Amino acid sequence: AQSVTQLDSQVPVFEEAPVELRCNYSSSVSVYLFWYVQYPNQGLQLLLKYLSGSTLVKGINGFEAEFNKSQTSFHLRKPSVHISDTAEYFCAVSEKTSYDKVIFGPGTSLSVIP
Amino acid sequence: AAGVIQSPRHLIKEKRETATLKCYPIPRHDTVYWYQQGPGQDPQFLISFYEKMQSDKGSIPDRFSAQQFSDYHSELNMSSLELGDSALYFCASSPSEAGANVLTFGAGSRLTVL
Chain A
1 AQSVTQLDSQ VPVFEEAPVE LRCNYSSSVS VYLFWYVQYP NQGLQLLLKY
51 LSGSTLVKGI NGFEAEFNKS QTSFHLRKPS VHISDTAEYF CAVSEKTSYD
101 KVIFGPGTSL SVIP
Chain B
1001 AAGVIQSPRH LIKEKRETAT LKCYPIPRHD TVYWYQQGPG QDPQFLISFY
1051 EKMQSDKGSI PDRFSAQQFS DYHSELNMSS LELGDSALYF CASSPSEAGA
1101 NVLTFGAGSR LTVL
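Protein chains in written order, with this note's numbering: chain A, 1 to 114; chain B, 1001 to 1114.
Note that these hints are calculated values from the structure, not bench results.
From a predicted model like this one, the values you see are computed outputs, not experimental measurements.
Even for Gly, the Cβ is constructed at its ideal location relative to N, Cα and C.
Hints should not be assumed to be uniformly reliable.
What the hints assert, rightly or not - If the Cβ cut is set under 7 Å, some of the chain A residues that face chain B in the computed set are: (1) G43; (2) L48; (3) K49; (4) G53; (5) S94; (6) K101; (7) V102; (8) F104; (9) G107.
Start from the sequences, fold in the hints, and give me the full structure.
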């Protein structure tokens, strides 16, 4: 069974500074990888996904992530954060099996400080 | 574009009562997933349906049941409610032909058990 680890439960960062949110996964088979964002009192919104091809994927709101198979990582990065990026970020994984469920990591709370 | 519709958005019940949550997937999405998110927790997979048949089962209590109907909408039925059932319940849908479970989430139904 697959699992997801997000080592940083909280990440404070100053506005306009760069940020990296770490994600590592474990699985015995090939996987799809996702980052979701959850703003306060809202649902989950897909930021970006890695299905195949280029290991560097770009998402919405200026975020990008890089899939590293050897390190089983899928870290999320943004070169310059805004106050509006304050939210909970979930890394998620799904095994490449049809109709398989998506498993979420514990989440990282990003707080952007003005 | 049409999104995943969940109802009700908020629900307050007493212990030992029953509750039913409804989910209307995006048109032509034939796979539906239910997740439970407790306060400060990551979303936990409960159950999924593909073409009206249960496709996978997660940490869903025996007191809960769910089904997918001919129009692809799904209902999550919860009986003998406990205080610990208070949570956000998300429904997500995806098209099976996409080749990957790229989930689109609804806004969630917040259940409060008193």
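- Are there hints from earlier that the structure breaks, and if so, what are their numbers? 2 and 4
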